[in-house]
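Enquirer: First to last, the sequence lines map onto chains A and B.
For the first sequence, our numbering begins at 1 and goes up steadily by one.
For the second sequence, our numbering begins at 1001 and goes up steadily by one.
Think of the hints as simulated: they come from the structure by calculation, not from any bench.
A portion of the hints provided could be inaccurate.
Label-pair ranges, simulated between beta-carbon atoms [claimed, not checked]: (1) B:ALA1182 / A:ALA32: 20 to 26 Å; (2) B:PHE1270 / A:SER92: 50 to 56 Å; (3) B:ARG1184 / A:GLY182: 51 to 57 Å; (4) A:ARG12 / B:ARG1177: 19 to 25 Å; (5) B:TYR1018 / A:ALA175: 25 to 31 Å; (6) A:ALA175 / B:VAL1017: 51 to 57 Å; (7) B:ARG1177 / A:PRO151: 42 to 48 Å; (8) B:HIS1195 / A:GLY122: 27 to 33 Å; (9) A:ARG12 / B:SER1198: 38 to 44 Å.
Restricting the straight-line Cα-Cα distance to at most 30 Å, the calculated cross-link-like pairs of lysine-lysine (DSBU-like) are [claimed, not checked]: (10) B:LYS1248 / A:LYS17; (11) B:LYS1248 / B:LYS1237; (12) B:LYS1300 / B:LYS1021; (13) B:LYS1059 / B:LYS1133; (14) B:LYS1140 / B:LYS1237; (15) B:LYS1211 / B:LYS1021; (16) B:LYS1113 / B:LYS1133; (17) A:LYS273 / B:LYS1113; (18) B:LYS1059 / A:LYS17; (19) B:LYS1059 / B:LYS1113; (20) B:LYS1211 / B:LYS1300; (21) B:LYS1059 / B:LYS1248; (22) B:LYS1059 / A:LYS273; (23) B:LYS1113 / B:LYS1140; (24) A:LYS273 / B:LYS1248; (25) B:LYS1237 / B:LYS1211; (26) B:LYS1080 / A:LYS273.
A virtual CB, placed ideally from N, CA and C, is assigned to each residue, including glycine.
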Amino acid sequence: MGLWIMTGVTLREAARKRILWIGLLAGIAFLALYGTGMHYQVKEFHERHLPPFIRYQIINGILQVGFYAVDLLAVVLTVLTSVDAISGEISSGTIHAIATKPIRRWELLIGKWMGFIAMTVGYVTLMFGGVVALGYWIGGVVPQNLLRGVPLVFLECILILTITFLCGTSLSTLASGVVVLGLHGLAFLGGWLEQIGGFTNSPRLVMVGIVSSLIMPSESLWRRAIFEMQSPATRSLPFGPFGGSSAPSAVMIVYAGAYLVVALAIAIYHFHKRDL
Amino acid sequence: MDQSDGFAIQTENLRKVYESKIAVRNLSLTVRRGEIFGFLGPNGAGKSTSVKMLLGLVKPTSGRADVLGLPCSDVGVRRKIGFLPEDFRFYDWLTAAELLDLHGRLCGMDRAKLRERVPTLLEMVGLAPHRAKRLREFSKGMLQRIGLAQALIHEPELIFLDEPTSGLDPMGRRLVRDVIRAQRERGATVFLNSHLLSEVEITCDQVAFIKDGEVVASRDLRAQPDGDLRLFVRATKLSPQAVAGLAKWCTASQQDGERLSLSPRSTADFPEILRHLVSAGADIYEFAPERLSLESLFVKIMGEDRGL
C-alpha cells in the first residue's frame, strides 16, 4: 500500500515541478523544429524528382536523427528529474517524516522508482510518438520494428534511472549526477570506439568498446534499439550513432537487464542499511 | 500483564558509533506509558541520534530498544507512533490539507476517516484558513504547526516532538503546550526533546539529562526530590545562635539581613525548622519551600561551561 502511495506522490510531484514541463517544452520545441526541417526536405524531394527508394531511405535516415535527439533528451531528463529523489530528500531531512511512517524502506524506494518509470515511459512514448507521427504525416514513412525498438529505449532510460537511484542511496545529489552522466558518457564513447573498431577491423578497439558497454550498458541498448528500427539499407552504413555495423547482440540486452536488476537490488540493500 | 506493557520506551545499553565518534555511549532509559517525558542535554550530547534510533531511522551499533513493547526496528509499531522532526521539512509543493491526507494514508487511514480528521486537525493547529495554501508559502511557525498536525493525524500512542516550539511565537508555544496536555489526557505518551527548559518544566512529568551519550540523571518533576530542596525564610530577630542551630536539619544556610536561604535535607524536617526558629525568638513573615529550577538543575548536572 505504501508503495503505491509513494508512486502517486512521485507522479504528483513531477507534475507540479517545473523541470518536467521544461522537458516537455524542450521536446515540443524540438518536434516543431524537426517537423519544419522535414517539411522543407520533402519539398526539395518533389522539386528534384528523386526516386521513391532514395526518398524512403533519406526520410528513414532523418527519422533516425529524430530518434537519436529524443533519446538524448529522454536520458538527460531522466537523470535531471530523478537525481535528487533520494539523496536530496536525505540531505534536506524531508525523508525523516516519511521513513518514520509504517512503510518499509524498500517500499519507499520502489514506490518512487515506479513513479519515475511511469513518467519516463510517458515522456519517451510522447517524444518517439511525435517523431513517428511527423515522419508519417510529412514524409509518408513509418519506421520498421517500432515495437521492438522503443521498449529497448524504455529499458535504457529505466537503467539510467536505476543507476541514478543507486548513486542517490550513497552519494550526494551533485556526485550522483556526475557519476551517472559520466558513466553514460563512457558508454557513449565506448559505443563509437566499438563501431570504429568494427569498421577498421581492429579487435582491440572493439574489445575496449565492449568493456565500456559492460561497465555501463545504456548506450548498447540505444544502439540495439536504433538497429531494430532501421531500414536494411541504413543498417549497411559503416558506422555512426545510427549505424549498425556492430549492433550489440541479444546477449548484451540480457546482460543490461541483469545489470538493472542487480543495481536495483544493491540500491534497496544500501537504502535499507543506511542511517537517515 | 507483561512488564513491558507499562513502558512506552525501554532501552538497554543502546550504543551508536560512527566512524570516529561515539554518538550514543550507553543509553538506558525507561519512559512509562502516559507520561510526558523531557529529554535534555547540551548540543552534541546524542539526543537526536537517540531519538532517530528509537524511530528506526538510525541503526544502533549495539544494545536494545523497545518501543510500545516491540523492537524499534519493527515497521508495524510505527502505526502507533507520531514524529515531529526538528526543522520540519516536507514536500513544499503540497497544500496543508494534502500533506495531512498523505501522512494519514501512509499511516493506513482510509479516505472517509481522513475527510473528517484533516479539517479537525487544521482547526486545532490554527491553520484552517490556510488549508489550500502550498507549504512553500508557509512561514517557519506555520510549518511547525502543520508538522505537529501530521504527527498527530493517526492519534498515535507515542509522540516524539523534537524541538516543537523552536520556530513559534508565544501563541504558538501555548498551542503546543495545550496540544501536549490534550495528548496526556487521552492517555498518549509524549517524548519531548527541547532546549527550552522553562517549557519542559511546565509540561513534563519526568526528565532525563543526557551528557556524552549517556543518561547522567533523571528527575520526577511531579515529586519534590529532597536533594534539590531550598527553603526561603524571611524573619526578624534572627540570632546567630538560631541560624547556627539550623545545621541540624540543613546542609547549608545563607543569611542576608531578614532573608534566610536554607538547603534542608528533607521536607519532613520543615516543621522542626519552623519550631526551632520560633522558639529561638524569631518573628517569621515568610516560610516558603522552593524547588531548584530546571535550569539551575541542568547547569548543576552538566557543569557551568557547557552551553545549550
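Enquirer: Between LYS1059 of chain B and LYS1113 of chain B, does the CA-CA distance stay at or below 30 Å?
Expert: violated (34 Å)
Enquirer: Does 42 to 48 Å hold as the CB distance between ARG1177 of chain B and PRO151 of chain A, or does it fail?
Expert: violated (59 Å)
Enquirer: Between HIS1195 of chain B and GLY122 of chain A, is the Cβ distance one that fits in 27 to 33 Å?
Expert: violated (47 Å)
Enquirer: Is the straight-line distance between the alpha-carbon of LYS1300 of chain B and that of LYS1021 of chain B 30 Å or less?
Expert: holds (26 Å)
Enquirer: Decide if the proposed pair is consistent with the structure: LYS1237 of chain B and LYS1211 of chain B, CA atoms, cutoff 30 Å inclusive.
Expert: violated (46 Å)
Enquirer: If I claimed the Cβ atoms of ARG12 of chain A and ARG1177 of chain B lie 19 to 25 Å apart, would that claim hold in this structure?
Expert: With a Cβ separation near 35 Å, ARG12 of chain A and ARG1177 of chain B fall outside 19 to 25 Å, so the hint is violated.
Enquirer: When you check the alpha-carbon spacing of LYS1211 of chain B and LYS1021 of chain B, does it fall within 30 Å?
Expert: holds (14 Å)
Enquirer: Can you confirm whether the C-alpha distance between LYS1248 of chain B and LYS1237 of chain B stays at or below 30 Å?
Expert: holds (20 Å)
Enquirer: Tell me if the beta carbons of ALA175 of chain A and VAL1017 of chain B are separated by a distance inside 51 to 57 Å.
Expert: 25 Å Cβ-Cβ, so the 51 to 57 Å window is violated.
Enquirer: LYS1080 of chain B and LYS273 of chain A were given as a pair; does the straight-line alpha-carbon distance stay at or below 30 Å?
Expert: Cα-Cα ~23 Å, so holds.
Enquirer: Measuring from beta carbon to beta carbon, are ALA1182 of chain B and ALA32 of chain A in 20 to 26 Å?
Expert: violated (59 Å)
Enquirer: Between LYS1059 of chain B and LYS1248 of chain B, does the CA-CA distance stay at or below 30 Å?
Expert: violated (53 Å)
The structure is inconsistent with the numbered hints 1, 4, 5, 6, 7, 8, 10, 13, 14, 17, 18, 19, 21, 24 and 25, although it conforms to all the rest.
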